[in-house]
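Whole structure, please, built from the sequences with the hints as guidance.
Be aware that the sequence shown starts at 246, since it is given in my numbering, and climbs by one per residue.
Simulated from the structure, these hints should not be mistaken for lab results.
A portion of the hints provided could be inaccurate.
List of simulated lysine to aspartate or glutamate pairs, DMTMM-like, C-alpha gap at most 25 Å [claimed, not checked]:
#1 Lys359 - Asp287
#2 Lys267 - Asp316
#3 Lys334 - Asp382
#4 Lys291 - Asp316
#5 Lys289 - Asp316
#6 Lys352 - Glu380
#7 Lys276 - Glu296
#8 Lys277 - Glu303
#9 Lys277 - Asp307
#10 Lys336 - Asp367
#11 Lys276 - Glu380
#12 Lys290 - Asp360
#13 Lys352 - Asp325
#14 Lys352 - Asp316
#15 Lys297 - Glu314
#16 Lys334 - Glu365
#17 Lys291 - Asp382
#18 Lys291 - Glu365
#19 Lys297 - Asp325
#20 Lys334 - Glu288
#21 Lys334 - Asp316
#22 Lys336 - Asp382
#23 Lys334 - Glu385
#24 Lys352 - Glu288
#25 Lys285 - Asp307
#26 Lys297 - Asp307
#27 Lys352 - Asp264
#28 Lys334 - Glu272
#29 Lys334 - Glu303
#30 Lys285 - Glu272
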Amino acid sequence: MSFRGLSRPNATSGMGVADHSKNAFTELQRKKVHRYVIFKIDEKKKEVVVEKTGGPSESYEDFAAALPENDCRYAVYDFDYVTSENCQKSKIFFIAWSPSTSRIRAKMLYATSKDRFRRELDGIHYEIQATDPTEMDLEELRNRAN
246 MSFRGLSRPN
256 ATSGMGVADH
266 SKNAFTELQR
276 KKVHRYVIFK
286 IDEKKKEVVV
296 EKTGGPSESY
306 EDFAAALPEN
316 DCRYAVYDFD
326 YVTSENCQKS
336 KIFFIAWSPS
346 TSRIRAKMLY
356 ATSKDRFRRE
366 LDGIHYEIQA
376 TDPTEMDLEE
386 LRNRAN
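The following block contains the structure:
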């Protein structure tokens, strides 16, 4: 039995990246227009699109609350902190959110598309794979940034 020519998409097919997604990341990175950007996979368009952005004044708690409880997402968060030398710094975190309560198909789709999407976002400092909120709490970001 040959599977060549099978045109039906499956969970291992890579997703494209919408221009709007790249632009939102650039705005977060260079212009500091957003504190965070949450991305989702649009299965109909077969691409990663922006679901939500958070303004510069929004907190980490606002960001964490914006992630769905039972579905996967990608997110970038611009983490500001002060070093031990009293210097203001900023690090960009890429978070692959895959809660244990999400559907298996969604977990597979996000896992297989992550690397391609991540490569499109030039300038990420750290990456976190989180299955529950404790794996991406603010203290974890502080530890990684310092």
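Against the structure, the hints come out as follows:
Of the supplied pair hints, the one linking Lys359 and Asp287 holds, its CA atoms being roughly 14 Å apart against a limit of 25 Å. Only pairs whose Cα atoms come within 25 Å are accepted, and Lys267 paired with Asp316 is accepted, the gap being roughly 22 Å. Our distance criterion of 25 Å between C-alpha atoms is met by Lys334 and Asp382, whose separation comes to about 19 Å. Among the hinted pairs, Lys291 with Asp316 is consistent with the structure: their alpha-carbon atoms are about 17 Å apart, no more than 25 Å.
Using a Cα cut-off of 25 Å, the hinted pair Lys289 and Asp316 holds, with the two alpha carbons roughly 17 Å apart. Note on Lys352 and Glu380: the hinted pairing holds, with a Cα-Cα distance of about 17 Å set against a maximum of 25 Å. Note on Lys276 and Glu296: the hinted pairing holds, with a Cα-Cα distance of about 19 Å set against a maximum of 25 Å. Distance check on the hinted pair: Lys277 and Glu303 sit about 12 Å apart at the alpha-carbon level, within 25 Å; holds.
Taken as a hint, the Lys277 and Asp307 pair is honoured in the structure, with Cα atoms around 17 Å apart against an allowance of 25 Å. With a C-alpha separation of about 13 Å, the suggested pair Lys336 and Asp367 falls inside the 25 Å cut-off, and the hint holds. Of the pairs offered as hints, the one joining Lys276 and Glu380 is violated, with about 28 Å between alpha carbons and a cut-off of 25 Å exceeded. Proposed proximity of Lys290 and Asp360 is supported: the alpha carbons are some 19 Å apart, at most 25 Å.
Taking the CA atoms of Lys352 and Asp325, the gap is about 30 Å. The hint is violated against a cut of 25 Å. Pair hint Lys352 plus Asp316 holds up; C-alpha atoms about 8 Å apart against a cutoff of 25 Å. Among the hinted pairs, Lys297 with Glu314 is consistent with the structure: their alpha-carbon atoms are about 15 Å apart, no more than 25 Å. A hinted pair counts as satisfied when its Cα atoms are at most 25 Å apart, and Lys334 with Glu365 qualifies at roughly 23 Å.
The hinted pair formed by Lys291 and Asp382 fails the criterion: a straight-line CA distance of about 30 Å is larger than 25 Å. A C-alpha spacing of about 16 Å is found between Lys291 and Glu365, which places the hinted pair at or below 25 Å, so the restraint holds. For the hint pairing Lys297 with Asp325, the CA-to-CA distance comes to about 20 Å; that is within 25 Å, so the pair holds. At most 25 Å may separate the alpha-carbon atoms for a hinted pair to count; Lys334 and Glu288 exceed this at roughly 37 Å.
Note on Lys334 and Asp316: the hinted pairing is violated, with a Cα-Cα distance of about 32 Å set against a maximum of 25 Å. Among the hinted pairs, Lys336 with Asp382 is consistent with the structure: their alpha-carbon atoms are about 15 Å apart, no more than 25 Å. Of the pairs offered as hints, the one joining Lys334 and Glu385 holds, with about 16 Å between alpha carbons and a cut-off of 25 Å not exceeded. Restraint check for Lys352 and Glu288: the C-alpha separation of about 13 Å stays at or below 25 Å, so the hint holds.
For the given pair, Lys285 sits about 18 Å from Asp307 by alpha-carbon distance, which is consistent with the 25 Å threshold. For the hint linking Lys297 to Asp307, the alpha-carbon distance of about 12 Å falls within 25 Å, and the restraint holds. In summary, the hint linking Lys352 to Asp264 is supported, as the alpha carbons are separated by about 24 Å, within the 25 Å threshold. Among the hinted pairs, Lys334 with Glu272 is consistent with the structure: their alpha-carbon atoms are about 17 Å apart, no more than 25 Å.
With a CA separation close to 17 Å, the supplied pair Lys334 and Glu303 stays within the 25 Å bound. Distance restraint check for Lys285 and Glu272: the Cα-Cα separation of roughly 18 Å lies within the 25 Å cut-off, and the hinted pair is therefore satisfied.
Hint check: violations occur at hints 11, 13, 17, 20 and 21; the rest are consistent with the structure.
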